Each structure stands twice: as structure tokens, then as C-alpha cells.
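Chemist: Start from the sequences and build out the full structure, keeping to the hints where you can.
Here's the letter readout for the chains.
Number of protein chains: 2
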Amino acid sequence: MGNLTLDKVIRRRKSVRMYQGREIDKEILKMIIESSRFAPSACNTQPWRFVVVTDREKVNMIFEKSLGGIVSNYWARTAPVFIVACAKKSVLVHKIGAGLRNIPYHFLDMGAAIEHLLLKAAELGLGTCWIGWFDKKVIRKILHIPKSIDIVSLISIGYESRKSEQKPRQRLELDEILFLNQYGEPFE
Amino acid sequence: MGNLTLDKVIRRRKSVRMYQGREIDKEILKMIIESSRFAPSACNTQPWRFVVVTDREKVNMIFEKSLGGIVSNYWARTAPVFIVACAKKSVLVHKIGAGLRNIPYHFLDMGAAIEHLLLKAAELGLGTCWIGWFDKKVIRKILHIPKSIDIVSLISIGYESRKSEQKPRQRLELDEILFLNQYGEPFE
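Going line by line, the protein sequences match chains P and R. Using the numbering used here, you'd call the opening residue of the first sequence number 1 and step up by one each time. Using the numbering used here, you'd call the opening residue of the second sequence number 1 and step up by one each time.
It should be emphasised that the hints constitute simulated quantities derived from the structure, not laboratory data. Treat the hints with care, since some could be wrong.
To be verified - With a straight-line Cα cutoff of 25 angstroms, these simulated PhoX-like cross-link-like pairs (lysine-lysine) come out:
id: 1; chain 1: R; residue 1: Lys-89; chain 2: R; residue 2: Lys-30
id: 2; chain 1: R; residue 1: Lys-8; chain 2: P; residue 2: Lys-14
id: 3; chain 1: P; residue 1: Lys-95; chain 2: R; residue 2: Lys-137
id: 4; chain 1: R; residue 1: Lys-8; chain 2: P; residue 2: Lys-30
id: 5; chain 1: P; residue 1: Lys-88; chain 2: R; residue 2: Lys-14
id: 6; chain 1: R; residue 1: Lys-14; chain 2: P; residue 2: Lys-30
id: 7; chain 1: R; residue 1: Lys-95; chain 2: P; residue 2: Lys-95
id: 8; chain 1: P; residue 1: Lys-136; chain 2: P; residue 2: Lys-95
id: 9; chain 1: R; residue 1: Lys-89; chain 2: R; residue 2: Lys-137
id: 10; chain 1: P; residue 1: Lys-89; chain 2: P; residue 2: Lys-136
id: 11; chain 1: R; residue 1: Lys-167; chain 2: R; residue 2: Lys-14
id: 12; chain 1: R; residue 1: Lys-30; chain 2: P; residue 2: Lys-8
id: 13; chain 1: R; residue 1: Lys-14; chain 2: P; residue 2: Lys-89
id: 14; chain 1: R; residue 1: Lys-88; chain 2: P; residue 2: Lys-14
id: 15; chain 1: P; residue 1: Lys-167; chain 2: P; residue 2: Lys-8
id: 16; chain 1: R; residue 1: Lys-95; chain 2: P; residue 2: Lys-136
id: 17; chain 1: P; residue 1: Lys-30; chain 2: P; residue 2: Lys-8
id: 18; chain 1: P; residue 1: Lys-14; chain 2: R; residue 2: Lys-89
id: 19; chain 1: R; residue 1: Lys-14; chain 2: P; residue 2: Lys-8
To be verified - Derived DEER-like restraints, expressed as beta-carbon distance ranges:
id: 20; chain 1: R; residue 1: Arg-22; chain 2: P; residue 2: Glu-165; range: 36 to 46 angstroms
id: 21; chain 1: R; residue 1: Leu-174; chain 2: P; residue 2: Leu-92; range: 23 to 33 angstroms
id: 22; chain 1: R; residue 1: Asn-3; chain 2: P; residue 2: Pro-186; range: 22 to 32 angstroms
id: 23; chain 1: P; residue 1: Pro-186; chain 2: R; residue 2: Gly-68; range: 27 to 37 angstroms
id: 24; chain 1: R; residue 1: Cys-43; chain 2: P; residue 2: Glu-165; range: 12 to 22 angstroms
id: 25; chain 1: P; residue 1: Arg-56; chain 2: R; residue 2: Gly-184; range: 12 to 22 angstroms
id: 26; chain 1: P; residue 1: Lys-163; chain 2: R; residue 2: Glu-165; range: 43 to 53 angstroms
id: 27; chain 1: P; residue 1: Pro-146; chain 2: R; residue 2: Val-91; range: 26 to 36 angstroms
id: 28; chain 1: P; residue 1: Ser-72; chain 2: R; residue 2: Arg-169; range: 38 to 48 angstroms
id: 29; chain 1: R; residue 1: Asn-3; chain 2: P; residue 2: Leu-92; range: 34 to 44 angstroms
id: 30; chain 1: P; residue 1: Gly-184; chain 2: R; residue 2: Pro-186; range: 50 to 60 angstroms
Because the structure is a prediction, the values reported are computed rather than measured. No residue lacks a Cβ here, since even glycine has one placed at the ideal position from N, Cα and C.
Modeler: Dropping the structure here:
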């Protein structure tokens, strides 16, 4: 299912912040996470673990107790499902290696894996929003996530409400982000 | 150009560690970076900046001086082009916000943007390898990257040598990475 070209999906994906009440089929949710399996990772450690939250009570608890504060995520009240993206850190790669090079590899890996699932969701007609501002401790408690597992991001997912259809956001131009052979040199 | 479905591209992408001598057309390189423009980022900060290194002398310097050490990247000597993925950090999002939530948002953003370009390269028949083990200081010097810009990853890119064609690596099964409503609970 889903049959769009890469370019079309990349350009279709956007942050969706208001959802219809409609539920998401479990098979659809599996296809979405399935796409993350194929992301690359440092030394193929595949740190990603996903808890998909469909239980109405837990969805409400996540909204009420882990979102809010300085950054308001009040819009997320309409999300029918949350995906909690977690990372199982490898001692060698994510602790020793990352420390030596000052690069938190598992966040790069998770960024790639999460992006796969956002793209797949967009292809299947679902809207998502990648949420970085949430209370980890509360989520850990609600979903019984062991201390050895890092909680990296929260993703809201659902069918977009027609009331709030938004266009994708503005982007920097290519010549602002692409340089040739030296930082700041135009590519052509 | 490029016309594959998302699923096909996601399954085709793999790490390629031996390249043909063949050069890469500049228009192709632009299309590849163009795909990264559309990645999501925390508060739409779009931290990504890419230095594409095609100059033979600089490519050689990167290989000789920034790779190697504990982790050998000797295979990278055949790469005709390197892409240096950098991040311009926002004070509000990437310093204050990241500190408060203990999540380095710009690494997640960069992971997503880099994955876009790896997928686009795969669609266009190019092989890539995402390299995390390199000497940042050396790269900074060779490419005159300002101190305000963080160097996040190095990506080798080229047409795969037929001598070394590899299959994609093994993956965890879906039931090892996907849980329902609670960490460790089977999805079905």
C-alpha cells in the first residue's frame, strides 16, 4: 500500500496539528513502523524502539501530563495516537564512541528512523507532528519504559482535520545551504 | 529524475564502501541536496548546511587526514566526492531548549536531512556511506568552516564498484522494535 515517488512524499510531508476523530488501522501503523526498520545506524546498532499508544486513557494522560509548560502543545489534544520513539544505547557506539567524537550517534540514527516513519505516514495519507517538547519522566512512568532506554521524541499521528489544512512551511533556498569545496562558496 | 516509490528507495539504500572512478554530475549533486531542504526541523530552524567536496586535492586531504585512527575508513579512498553535513545552531532551540529538555534537537534534524539525501542518492543509482568517525578539526581547517557551525557527519558518495556489491545489512524484526501501549508489550 502506498505508491508515491520519493520526491512526492518528501514534498507532501508537513507538520499536522489538528486531527479528525477517525481511528488508525493497526495494519497501517505496522507499515509505518516497518519503514523505520530500514534506516541506517552507526555500526548497524539499530537503536530504535517504538511504543505506539492507541489506548484512549493513555493517549489522554500523555496529552494532559507530558505536554504543555513553556511550549504549549494544546493542539495535540485531537491526536488519536502517539508514537513514542525510544533509543536503546550501545555501550561501545553510543557511549564510548560518541564521547570520543563528541557526536551523539543515536540521535542521528533516531532522526533518520523517525523521518522514515513520517514519510511513510505521509504517503499513506496520515498527518504527523514530531514533538520535541515533552516531559520524559511522565512518559516513562505511563508506558513503563525502563531506565536503560532513552526517550527521544513523541510523534502525534492521525488523519488531518480539513478545518486546519496547512501548507508546508517555508524553506531556505538551495544556495543558502549548499556550498562547493569550501564553506560559504557558491555551488555554481 | 528518479522515479522510485518510497518503499523501493528505503529498501534499496545501503552503505556502499567501494566506488567506481566515475565522476558525479553537478546537477545530480544539487538534486540530492535539494531533497534535504524539505526535512522537518525543530521550530523549522533548518540547521543543515552542506559542503560538497569534489576538488580532487581536498577529497584526498579529507581521506588522508581526517579518517583513520581507531576505526579504519581505508575503504573511503575510492570515494570521488564527500559531503560534509554541518549544523548552524539556533540559540533558542538548540542551546536553551535542548539544554532544558536534554535532547540535542539539531542532531535529530540533521539525521532526518541526511537521510533524505541518502535516499535521493539511492534513487538516482548512487551509493553512499554515512561516516561518523572522522576528525572534525581537520575538516574544519580544510573547508574553512567557521567555529559557529557544528560539523555533524561526513558522507562518501559515488557509483558503486561492481567488485564489491553488498546486500543491505540484517535488521531486527518488527516485533523486536514495536510495542503497544507499554514498553515490551507485543503489538498484536
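Chemist: Return the numbers of the hints above that this structure violates; sort them in rising order.
Modeler: The structure conflicts with no hint, since it agrees with every one listed earlier.
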